[in-house]
Structure formats: C-alpha cells, structure tokens
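Participant: Taken in sequence, the protein lines are chains S and Y.
For the first sequence, this note's numbering assigns the number 1 to the initial residue and increments by one for each residue that follows.
For the second sequence, this note's numbering assigns the number 1 to the initial residue and increments by one for each residue that follows.
Derived by calculation from the structure, the hints in this document are not laboratory data.
All of these numbers come straight from a predicted model, not from anything done at the bench.
Errors might be hidden in some of the hints.
Stretch by stretch, here's where chain S covers chain Y in the computed footprint (C-beta under 8 Å, at least three residues) [as the list claims (entries may be wrong)]:
1) 66–76
2) 104–113
3) 123–137
Beta carbons are placed, not taken as given, at the ideal position from N, Cα and C, and that holds for glycine.
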Amino acid sequence: MLNKYLALTRSAWMLSLEYRAEGLVWMMTNMLSIIMMVVWMSISRNRSVNGFSTGDFVAYYMVGLIVRQFASAWTSWEMSNEIREGSLSPQLLRPIHPIHRHVTANWAEHVMRFVLLGPIVLVVLILTPDAHLFLTPISISAFLFSLLGAWFITFLSDYAIGILAFWTSQATAFTQAVYGLRTVFSGVLAPIQMFPLVIQNALDWLPFRYMLAFSNEILLGQTRDERLLFGLVIQWAWVVFFFILTRILWKLGVRSYGAVGA
Amino acid sequence: MAYQIEVSHLSKHYQVHDKEPGLAGSLRSFFARKYRVVKAVDDVSFTIGQGEMVGFLGPNGAGKTTTLKVLSGLLYPTAGNATVLGFTPHQRETAYLKQFTLVMGQKQQLMWDLPALETFLVNQAIYEIPRAQFDATLKELDDLLDLGPIMKKQVRKLSLGERMKCELAAALLHRPKVLFLDEPTIGLDVTMQVRIRDFIAAFNKRYGATVILTSHYMADVTALCDRIIVIDKGHLFYDGNFRALIERVAPYKIIKLQLERPTTSEVLSQFGKVEFSDGLTAVLHVPRASATESAARLLAQLKVEDVTFEDPPVEDIIREVFAVNAASNPTAQE
Numbered sequence: 001m002l003n004k005y006l007a008l009t010r011s012a013w014m015l016s017l018e019y020r021a022e023g024l025v026w027m028m029t030n031m032l033s034i035i036m037m038v039v040w041m042s043i044s045r046n047r048s049v050n051g052f053s054t055g056d057f058v059a060y061y062m063v064g065l066i067v068r069q070f071a072s073a074w075t076s077w078e079m080s081n082e083i084r085e086g087s088l089s090p091q092l093l094r095p096i097h098p099i100h101r102h103v104t105a106n107w108a109e110h111v112m113r114f115v116l117l118g119p120i121v122l123v124v125l126i127l128t129p130d131a132h133l134f135l136t137p138i139s140i141s142a143f144l145f146s147l148l149g150a151w152f153i154t155f156l157s158d159y160a161i162g163i164l165a166f167w168t169s170q171a172t173a174f175t176q177a178v179y180g181l182r183t184v185f186s187g188v189l190a191p192i193q194m195f196p197l198v199i200q201n202a203l204d205w206l207p208f209r210y211m212l213a214f215s216n217e218i219l220l221g222q223t224r225d226e227r228l229l230f231g232l233v234i235q236w237a238w239v240v241f242f243f244i245l246t247r248i249l250w251k252l253g254v255r256s257y258g259a260v261g262a
Numbered sequence: 001m002a003y004q005i006e007v008s009h010l011s012k013h014y015q016v017h018d019k020e021p022g023l024a025g026s027l028r029s030f031f032a033r034k035y036r037v038v039k040a041v042d043d044v045s046f047t048i049g050q051g052e053m054v055g056f057l058g059p060n061g062a063g064k065t066t067t068l069k070v071l072s073g074l075l076y077p078t079a080g081n082a083t084v085l086g087f088t089p090h091q092r093e094t095a096y097l098k099q100f101t102l103v104m105g106q107k108q109q110l111m112w113d114l115p116a117l118e119t120f121l122v123n124q125a126i127y128e129i130p131r132a133q134f135d136a137t138l139k140e141l142d143d144l145l146d147l148g149p150i151m152k153k154q155v156r157k158l159s160l161g162e163r164m165k166c167e168l169a170a171a172l173l174h175r176p177k178v179l180f181l182d183e184p185t186i187g188l189d190v191t192m193q194v195r196i197r198d199f200i201a202a203f204n205k206r207y208g209a210t211v212i213l214t215s216h217y218m219a220d221v222t223a224l225c226d227r228i229i230v231i232d233k234g235h236l237f238y239d240g241n242f243r244a245l246i247e248r249v250a251p252y253k254i255i256k257l258q259l260e261r262p263t264t265s266e267v268l269s270q271f272g273k274v275e276f277s278d279g280l281t282a283v284l285h286v287p288r289a290s291a292t293e294s295a296a297r298l299l300a301q302l303k304v305e306d307v308t309f310e311d312p313p314v315e316d317i318i319r320e321v322f323a324v325n326a327a328s329n330p331t332a333q334e
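Okay, chain Y solo, but in the shape it has when bound:
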C-alpha cells in the first residue's frame, strides 16, 4: 500500500438553518426556516504516507475538523472518497476503529466521575489489548507523560492539562497506526503545550504512527510537521513542504536592531529592506540566502547594541498564501 491516507475530491456539505437574533427572529424561524448549504469541505484531495506528520492549517471554520471527522468515520462525505489504511472510514468497521484514534481538544472520552485509570481499563477490554501489551504501553505513556499520580484521581478534579494528558493516554493505549489530533493543545499553557508536542513527536518516532494535526498554535505545527496542508473555506490552498512554502512566500529573515547612535534609513538600506526605522531601532528584511553575510557586514560597519534574527511569523506566511492564492487561482497546489 503506497499511502495510508488517500483523499480524493472529498466534499462535505451541511444544510443549516439561519436564525435571526432575538425573539422575533426565533418566531420567524419557527414558522419559516431558511436553509442554506454550507460547503465545509469542497473538492479536497491529498495523500499521506506511513509515518508522516502533517499539519492542517487554516482559520476557524476552514474545514479542518470536518475533514478529520470524515476520516474518522463520524461524518458521511457528501461526495468524493476517503480511505484510511485501506478502509472506508464511514463504514466504521471494527478492524478500522481499532487502528486509529481521534483526539479532540474539546471533546473527551474519559469518564468524568471516575479516575482516568478506569477508562484505560475499559479501553483495554473493548480494544482487546492483551494484558502484557497494555501494561507495557501504559508504562511507556506514563514515562512520556508523567501520569503516575493523576490517573488515579477523579477526572473532574484534574486540571485541563492533566486531563489532556490522560485523554491522550486513553486514546493511544491501543497503539493506533494513525492519529488524528484536533487542537490537542487548546487552552493549555506554554509549558504544557511543549510537553504535549514533545510527546507527540516521541510517539510518532517510537511507533512510526502517521499523524494529522490541527492547531491554532503555529508553534505546534512548526515544531512537529515538515509538511502542511492549508485549508480555507473548504478549499485546499497549499499542500507541501513547510520550508518550501516559507522560501516561496517569505524568502527573507527579519533582523531587529538596537543601535548605539542614530542611523538613517539610507545607511541601513545597504544591508536589506528597511521595514521600520526610528533612528535607534530598526527592522530589516534580508534575503534568506544572504542573511548571514549581510548580518556580518552589518555588525562590522555599524555600532550595534543588540540584534535578533527571526523567521517571519507563520501567521504572516499563511496570510500571504491566502492573499497570493486569492489573487491567482483558489486551488493552486504545490
């Protein structure tokens, strides 16, 4: 099997009814409902190979989660095909359900009133995980996530971060081959985000699992995924290497300068494109290829108090992709 996940011309359209605000609006919609079709996913195609980690990027309501739900078999596609591990997800065959997992940052499978360990034990039974394998996996997950004391506390008494750790453990006990992670770090503080991120990377490495990740936090995607798929309004905008995308739409690095004495923009412009300058501080964009060289020249010729080199923020890059694509054609692919 060449690909683990194959999606071709996938569409998912919803019929929703609009309700105007207020009581009058409610009354009007009671008597005459206005329906409209929302194209949550529209003619999307891509393939993903074993062990790949792919980031889904796009604004809210772009169709990321809908795509994951179709791939998990929760939703029937309106048109097109999706296969995962050779299965058609919406047929929800037991053999398929045992081989993947979907973790939703905002939905939980843990039993609220019992310790997480109870959910683990139930999962052991319903996923038919042999005792020895269950113990070994739980131990590994414990090592990676530090579950020790928290898995014996009632779930409702856990903090959000602790709960997410247990949620991940419950979802991974059966060692799924494919992981769909929908906003796994939502609402977590930065330290916890990093923990979860490291964990996902470690799990991918150890088990060769294929991962699709959606996240609002660009850092999650930058840290984990070489490849990204950008979706907006149901359309696929970009599918390809993350670095290549940056090279294409943002082929520069950002140099932030703190100067010892006032320097004019004319002087600064010898080193790069001046984005901002007020004499003592300045922001320059320099071509990525010659960034090191310009930096060296700059430091040799100017009195610099402080300097930082940055990649353009990913948010800007994505915005750039949308702008470029909106101008040319909306389904351009790498």
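Bound conformation, chain S alone:
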C-alpha cells in the first residue's frame, strides 16, 4: 500500500506543479478570512469583544488560515464530473479504490500551499505584538490531532457529497449549500464565541466547529482540559460517522452507476 501511495503522490505532485498558477488562485479564496480579520480588528480596536482582543483576532485568523488551508477539499466537484461524464470508469477498473487518488491529490496540493502560506503566517504572528499563542506540548499535540480530525471531516463529508452524483448526476449544488453553512458555522465569519449561547451549545455537537474553529481555539489556549477532551471525542466521533457514511454511500452508489457513454 505504501508503494501505491508513493506512486500516486508522486504523480499528484507533478500535477500540482503543472497547475501551480491555479493553486495560487485557489489560495486567494482565503481572502474571506483576511477580510474578516480586518473587520474584527477594527471592531476590537478600543475594547475587547467577548474576550477577544485585537491581537487575539489576528492570532485566531492566522492559525485559521493554516487550518482552513489544510482542511479543505474539492473532491465533490471532480467526482461530480467524473460520474456525469463516465470518466470514473477507468478508475473503477484499477485494483485500488478511487478515493486514494483523491486523497493524494488533496495532500499534494496542501503541501504546495503550506510551503507558500506558512512563512507569511509566521511573519505576521511575530510582527503582531499581542498575538499570543498557547504553546505547550499538550496543546501542540492536541492541535495537530485536531487538524487531522478537521481534515478527515472536511474531506470525507465532501467525498460523501461527491458520491451523491451517482444519483443526481450533479452534486455541486450540495457542495455550495454545505460551503455556505460551513463558512458561517465553522468560524470563518466570526469565532464561535461571538454567537449566541444557544448556537454555541448546538455547535458543540455539530461537525462544523470541528472543521476549523476548534483547532484555532486549542492553539489560542481558549479550549483546554475537559473541554478539549470533550471536543476531540466529538470531533473523532464525526470522523467515524463520515467514514461509515462514505463507505455505505459508495457501495450503494457504485451499484447504481450508469457507466455513462460509449
């Protein structure tokens, strides 16, 4: 399996390099985070908002850039096309599940973007005087673990949406709908602490927060101890849920695949 992954990663890397300009443009989709950061910085200029100082907002959105970059997926777009046009067929004939090609493509792209984005984030964090991170061995390990969880939830849920194309031939409408919900409730527009308490409580149990804000909070030291443990349990419960969901959907979907064309 390792060899297969290495070979797929190699070709995914080559493709990413082939499309390096496109990769840069995709990074620009992060502009929303930057805009929201500036908005919250100006709101919090004179006094902190719900416990967030201006520096906290900078730290939140800078960490958020990395998390959001890493926990992003676009597989549903590709699957939608592959299923509708029938180009999934050659993939189904190979003795490896098509998901692995998407996973390696996703990672190759992330590595690419991280190389570009990482230094920028680091410089901004160093230059902003009161942008503090809570860096302890536990918080760093928990952050990395939550980052992986965020990736799994994002990738698997997007993959599940992609599988819907087996029935609808077009799944991108769902992608858009989920993207909308995610932008609001994962913590891109505002940290979760800015929401009314009722919504905050609900978000503890829903997957959105665990795709972004949760990881930010860990590295800012806002979520610790029991809250942190509770969060990780819920996050990974969602990972398991989406894992099972995609497996079931895939089985059913392939059954109804029309192998379109020719």
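Go by the hints and put chain Y onto chain S.
Facilitator: Quick look at chain Y alone, frame taken from chain S:
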C-alpha cells in the same frame, strides 16, 4: 476450468427519462418526467475459452458495450449471471481487477497533463508489478507499438493514434489474461488501424490472452476473430464461426468484370448469377464451391480486360443475418 468467460441469461435494463427537444420540453420533463425501460442486454448467453478471440458485432446501441461493462464489473446485471476467470465481475475483487483489462476507444486512463510513462509507473505500483517484469513488458510493448519517443511527451500533446498506443500499453502492462477491447481503433486512420490490429494479434499469441473485441470496422473483426457474436437490440443473433456464417448466408463470391467487347447478360449468366451488367462491365455472384472453376471457364471463353474476386462485404452479411433472423426467430443460435 472449462471456460474463462461464462455468461448465462444476462440482462441489463436501464431506466431512462425521455426529454422532448426545446425549452418547453425541458419544462415538461422538469415537472413530469417520463421514464421508460431500455433493455440494453436481454437474456444473452455464451461461453468463451482461454485464448479465444471473439468479435462482437452489431449496430450502435446493440448492447455490445453494455455487455463488456457488465463483464468488467462496471455495471450490475439486472438478471442472469456472468463469471470471468471464476470471478463475479461486479464484486470487483482486487484479484480479478488485476487479471483483466478494458480498453475503451473513447475513455482514457492516461493522465492528461503528464507523459504516459507516469501513468505506466503509477500502474506498476498499483498493479504491484515486479520491477523486472515491468521493464520486460514495457520493452516488449515498446517493440510492438514503437512507444519510444511518444511515452515521454505530455499525453495532451499526442495525436489520437499515439494516444491509443499508450492507452493500450497502460492497459496491458500487468499482462492481463482477459482483454475487453471496445472500439480500440475508433477514429484512427487505416495504417494505424492495421498497426493496432497486428498488435492485438501478437499480444494474443504471445500471452495466450482471451480477447473480446467490438468494432465498427469490420476489417478489425475479419482480421482478428474466427468467432463472432452478433448482437442487436440486446438480443444475441448469432454465435459461431465467422467462415461458417459466411458460408450460410453468403455462399458466393463476387466477380467484377471489365470486358473488352459488349457481352449480353444471357452469355454471362452461364458463369454465375448476374447482379449487374451494362455490356462492358458486370458483377457476378458465383457459388463459393465452384468459384475457381467458373472463373477459369470465364477467362477461357470471354475477352476480359480486368477481373477481381471478392468476398461479400461483411456489412452485407450481417444485414443478411438480421433479415433472416427477423423473419424466423429472434434468438437463433448456431
């Protein structure tokens, strides 16, 4: 195992919705979709032994490709059974996927933006082909297909024929025991068609691979397959020896004559059935068994400027099969 491919009473029915043309039609179909069932494959049975090369013939939409897709595990059969190499294709077991290949003239597995060699290397890994075997097979494929310079060019910069060569190589690197070739020569010029055809014959001979081939080009099938299966509208019309079929529905040869002086049909009819005659040129059908003898007689007795002997075009033969079967019963088998 007696047969490598066994298909019994296989059916594949699709539900499709019809859309009338135009915006009004789109609107109507938005609110009330009309569904109908298409029987792409209907109660088809056949068996194929190891190393056989079988041609699938039939008009567009006959069910040829659908049958291949069921055999490749891309589609679930609606009814009936299919086994290939002892596997049930739609279960898509890894052990099965490693032993066959499906090449579709209109679908590709090569990565569009990278050289074909990259796809070969990925396939080496995912089919777990040992290094030495990979090198040896690639060399052989290179000899047969002349891949040298083209496999290092970006796929999107290759011509259609070059791409097909690489596509075949990518599909055969793991030395599959069973090949499903769906229109492998589509869109290619005659020279390239012949190249691909020779290659398929050579691969079959060298590895003893079983081949099912569909093609619009009768020449592909005539050149490669002793046995043909004729399908139309999902039904199997004929399964058997190609020569035997020709003997049965077209037991004659065609003689085309260019005469030195005008000759009447009455005179010509001593030698065979006159299909066409305008005095100086004529087309005769003569019984296959006595073709040589009639030709000799003809050349001895008439002043002939030019003469050609031909087999009836395969298209005509197939049309004949359909006509005969439509008149009698639709599932006749040899």
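Participant: Evaluate each hint against the coordinates.
Facilitator: Quick rundown of the hints versus the structure:
Residues of the segment 66–76 of chain Y lying with their CB closer than 8 Å to a CB of chain S number 6, which satisfies the three-residue condition for coverage. Residues of the segment 104–113 of chain Y lying with their CB closer than 8 Å to a CB of chain S number 8, which satisfies the three-residue condition for coverage. With a cut-off of 8 Å between beta carbons, the segment 123–137 of chain Y has 6 residues touching chain S; three or more are needed, and the interface restraint holds.
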